[in-house]
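Asks: Sequences listed follow chains S and A, in order.
Numbering follows the working numbering, in which position 8 of the first sequence is assigned residue number 8; successive positions increment by one, without gaps.
Numbering follows the working numbering, in which position 151 of the second sequence is assigned residue number 478; successive positions increment by one, without gaps.
Calculated directly from the structure, the hints in this document are not laboratory data.
Ideal Cβ positions, reconstructed from N, Cα and C, are used throughout, including at glycine.
A couple of the hints might just be wrong.
[To be verified] Quick list of simulated restraints, FRET-style, between CB atoms:
(1) S/Asp81 <-> A/Ile504: 27 to 37 angstroms
(2) A/Leu390 <-> S/Tyr47: 27 to 37 angstroms
(3) A/Leu423 <-> S/Met308: 31 to 41 angstroms
(4) S/Ala43 <-> A/Gly386: 51 to 61 angstroms
(5) S/Glu173 <-> A/Phe559: 13 to 23 angstroms
(6) S/Glu173 <-> A/His389: 39 to 49 angstroms
(7) S/Met308 <-> A/Gly516: 38 to 48 angstroms
(8) S/Tyr47 <-> A/Ile504: 36 to 46 angstroms
(9) A/Leu366 <-> S/Leu72: 30 to 40 angstroms
(10) A/Ala344 <-> S/Val112: 37 to 47 angstroms
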Amino acid sequence: MENTTTTSTKKVVEADVKKPRLTAAEFTKEFKRQWVLVAISVAYVIYGIIFYYLPLVGWIMAFQNFVYADGLTGSKWVGLDKFKFLFSDKTFLMVIRNTFAMGVLNLVFSTVFAIGFAILLNEVRTKWFKKTIQTISYMPHFLSWIIVVAIVHDALTSTGVINEILMSLKIVEKPYPFLQIEGWFWPIVTFSHLWKETGWNAIIYLAAITSIDPCLYESASIDGAGRFQKIKYVTLPGIRPTIMILLLMNLGNVLNAGFEIQYLLGNDLVRDVSRTIDIYILDWALDGRNMDYSLGTAAGIFKTLVAMTFIVVSNYIAKKRGDERLF
Amino acid sequence: MSEEVHEIRIHRRKRMAAEDIVFYIFNTIFLLLFAIVTLYPVLNTLAVSFNEGNDAVRGGIHLWPRVFSTKNYEEIIFNRPGIRQGLWITVARTVLGTFTSLAANALLSFILSRKKFLFKSGLSLFWIITMYASAGLIPGLILFRYLHLTSSFWVYIIPGMVSAFNVMVMRTYMAGIPDSLEEAAQLEGAGYMTVFVKIITPLCMPVYATIALFQAVYHWNSWFDAMLYNRFDPQYTTLQYELRKLLDSVSANTGGKQAGTSATAASVATIVPTTVRAAATIATMAPILALYPFLQRYFVTGLTIGGVKE
Numbered sequence: 001m002e003n004t005t006t007t008s009t010k011k012v013v014e015a016d017v018k019k020p021r022l023t024a025a026e027f028t029k030e031f032k033r034q035w036v037l038v039a040i041s042v043a044y045v046i047y048g049i050i051f052y053y054l055p056l057v058g059w060i061m062a063f064q065n066f067v068y069a070d071g072l073t074g075s076k077w078v079g080l081d082k083f084k085f086l087f088s089d090k091t092f093l094m095v096i097r098n099t100f101a102m103g104v105l106n107l108v109f110s111t112v113f114a115i116g117f118a119i120l121l122n123e124v125r126t127k128w129f130k131k132t133i134q135t136i137s138y139m140p141h142f143l144s145w146i147i148v149v150a151i152v153h154d155a156l157t158s159t160g161v162i163n164e165i166l167m168s169l170k171i172v173e174k175p176y177p178f179l180q181i182e183g184w185f186w187p188i189v190t191f192s193h194l195w196k197e198t199g200w201n202a203i204i205y206l207a208a209i210t211s212i213d214p215c216l217y218e219s220a221s222i223d224g225a226g227r228f229q230k231i232k233y234v235t236l237p238g239i240r241p242t243i244m245i246l247l248l249m250n251l252g253n254v255l256n257a258g259f260e261i262q263y264l265l266g267n268d269l270v271r272d273v274s275r276t277i278d279i280y281i282l283d284w285a286l287d288g289r290n291m292d293y294s295l296g297t298a299a300g301i302f303k304t305l306v307a308m309t310f311i312v313v314s315n316y317i318a319k320k321r322g323d324e325r326l327f
Numbered sequence: 328m329s330e331e332v333h334e335i336r337i338h339r340r341k342r343m344a345a346e347d348i349v350f351y352i353f354n355t356i357f358l359l360l361f362a363i364v365t366l367y368p369v370l371n372t373l374a375v376s377f378n379e380g381n382d383a384v385r386g387g388i389h390l391w392p393r394v395f396s397t398k399n400y401e402e403i404i405f406n407r408p409g410i411r412q413g414l415w416i417t418v419a420r421t422v423l424g425t426f427t428s429l430a431a432n433a434l435l436s437f438i439l440s441r442k443k444f445l446f447k448s449g450l451s452l453f454w455i456i457t458m459y460a461s462a463g464l465i466p467g468l469i470l471f472r473y474l475h476l477t478s479s480f481w482v483y484i485i486p487g488m489v490s491a492f493n494v495m496v497m498r499t500y501m502a503g504i505p506d507s508l509e510e511a512a513q514l515e516g517a518g519y520m521t522v523f524v525k526i527i528t529p530l531c532m533p534v535y536a537t538i539a540l541f542q543a544v545y546h547w548n549s550w551f552d553a554m555l556y557n558r559f560d561p562q563y564t565t566l567q568y569e570l571r572k573l574l575d576s577v578s579a580n581t582g583g584k585q586a587g588t589s590a591t592a593a594s595v596a597t598i599v600p601t602t603v604r605a606a607a608t609i610a611t612m613a614p615i616l617a618l619y620p621f622l623q624r625y626f627v628t629g630l631t632i633g634g635v636k637e
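Okay, chain S solo, but in the shape it has when bound:
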């Protein structure tokens, strides 16, 4: 009854370890037999080196004053100056805070809402109703952030539906400028994520709930458990492994939670809370006057290193707790 994301990957890895060592002659024979596979693999390795490993060489830009025309070999070396600038830059510290804040808010609320939605949907007995709601629920996942931001923007402007409701209920006198108030930006981003992804995230929890042994519910009923007790003592413990795995997986991704929506929805009035690490990097890459590839690269290195630390730590926690490892 263990629901795990990586069972099969793990099995494969174990099989690798147990593989008997081949003698030189056997190796040659096998190599000749699989030369097609080896040849194709070489092509994949070349492709991977070019598009995934070669950019890592570009990290030396962070230690230079990189000028495109001079290239990696011609640009002047500046040591750790770029990193020193980065950590004394108030904007950088601010974008780190924003990225973490929105990432964590998103992680917590997405998980809670997805589990809640899956449980409620699972309680529905009318099949067509359940199916219809579910089909509607994951529709927004397939819309681009551009469209989602347009929808959120339209709903929250002065003539939007939210202000219309608030005004007809006499809660506000005149339209409330949600998009121009700093305090509203993080909640709006979190809500937009919920609108877009709750139904989608619930799929995996629903699958986990469905695979819980029905006998457990029956025996809980016989013991006198009500609906909410069954949810608390059967459903939630039953999907606990899934919840843990997804939480830890998403924890490793927490820094990647912030780019498109913040970039598309942010404006000058809320820029202190809207900008994330990715937007900060993009500003160094695009802006004509202030363009500094070296600074952007340094910020990118920081982000990758922190993200990898997160992944290693969450993996370590998972191992310690006895849950499945992530990779």
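Fit chain A to the known structure of chain S by using the hints.
Replies: For chain A alone, kept in the frame of chain S given last:
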């Protein structure tokens, strides 16, 4: 089952009936609200897109257009060459990109799922590393410039062709196919490529469909690469990027200047009517909304293949 237990059950069912009804009512109301919150913005945009432009300024349009008009759609189809160009590029990259990445991922997954492959663990590790060690945006940008991939259509197709994540999903699926099929074919004299094309591929159609669906949606929805690599080359623009430019022109006067979108704000000086924006939004999401109810069984199976396994 003894009479007694049976009686207890009936008794319990009666006792819980009232509580059940209250719960079902609240649950149904809650789920209906959820559906309304999800659907309303889309239906509202649809209504606005079919309303006459000047009339819509008054606001108050909800689920049905007040003054019906198809002018907005005519406007985006006939008067906006950017959108038409974006549509062509988007369709091209969706078709070509989905096909090439599916083929590339499938072949790599096939190699990695061969149990006797000599360099299996090495090659796996090589690709797993790429999932975590991301070089970041700027080194990629510089590399693509060196490779002449910027200011070109191919930047949409080539760099993202192999995705380690998709490979892991497909490999898991392929590893579940019995070896005996492969061995039998090889006894008949089939080479690896024949095994891949004739035996593995037909059995992998569900996972292929899933990956293809995800890739197609990704290509249809992308705009960032168009902005980053091709913003000075309008012939390589994408549909979503064109939609963004259109929407941006309005948010400029309601939400203040967009942070860091100098690239798009400068290119659109005139303010586009809300109705035209709505029409463009609907046109952009229409293909996905039209197709996805039919494809949903694929992505549900896909998620369960890659994710929860019993």
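Asks: Indicate, hint by hint, whether the structure satisfies it.
Replies: For each hint, the structure was consulted:
For the hinted restraint 27 to 37 angstroms between S/Asp81 and A/Ile504, the CB-CB distance of approximately 55 angstroms leaves it violated. Separated by about 50 angstroms at the C-beta atoms, A/Leu390 and S/Tyr47 break the suggested range of 27 to 37 angstroms. Take A/Leu423 and S/Met308: their Cβ atoms lie about 33 angstroms apart, and the range 31 to 41 angstroms holds. S/Ala43 and A/Gly386 have their C-beta atoms about 58 angstroms apart, which keeps the hinted 51 to 61 angstroms range intact.
Range check, S/Glu173 to A/Phe559: about 47 angstroms between beta-carbon atoms, so the 13 to 23 angstroms window is missed. For the pair S/Glu173 and A/His389, the beta carbons lie near 23 angstroms from each other, so the given range of 39 to 49 angstroms is not met. As the Cβ distance of S/Met308 to A/Gly516 is approximately 47 angstroms, the hint placing it in 38 to 48 angstroms holds. Under the hint 36 to 46 angstroms, the C-beta atoms of S/Tyr47 and A/Ile504, about 25 angstroms apart, miss the expected range.
For the pair A/Leu366 and S/Leu72, the supplied restraint of 30 to 40 angstroms is violated, since their beta-carbon distance comes to about 52 angstroms. Here the CB-CB span from A/Ala344 to S/Val112 is close to 30 angstroms, at odds with the stated 37 to 47 angstroms.
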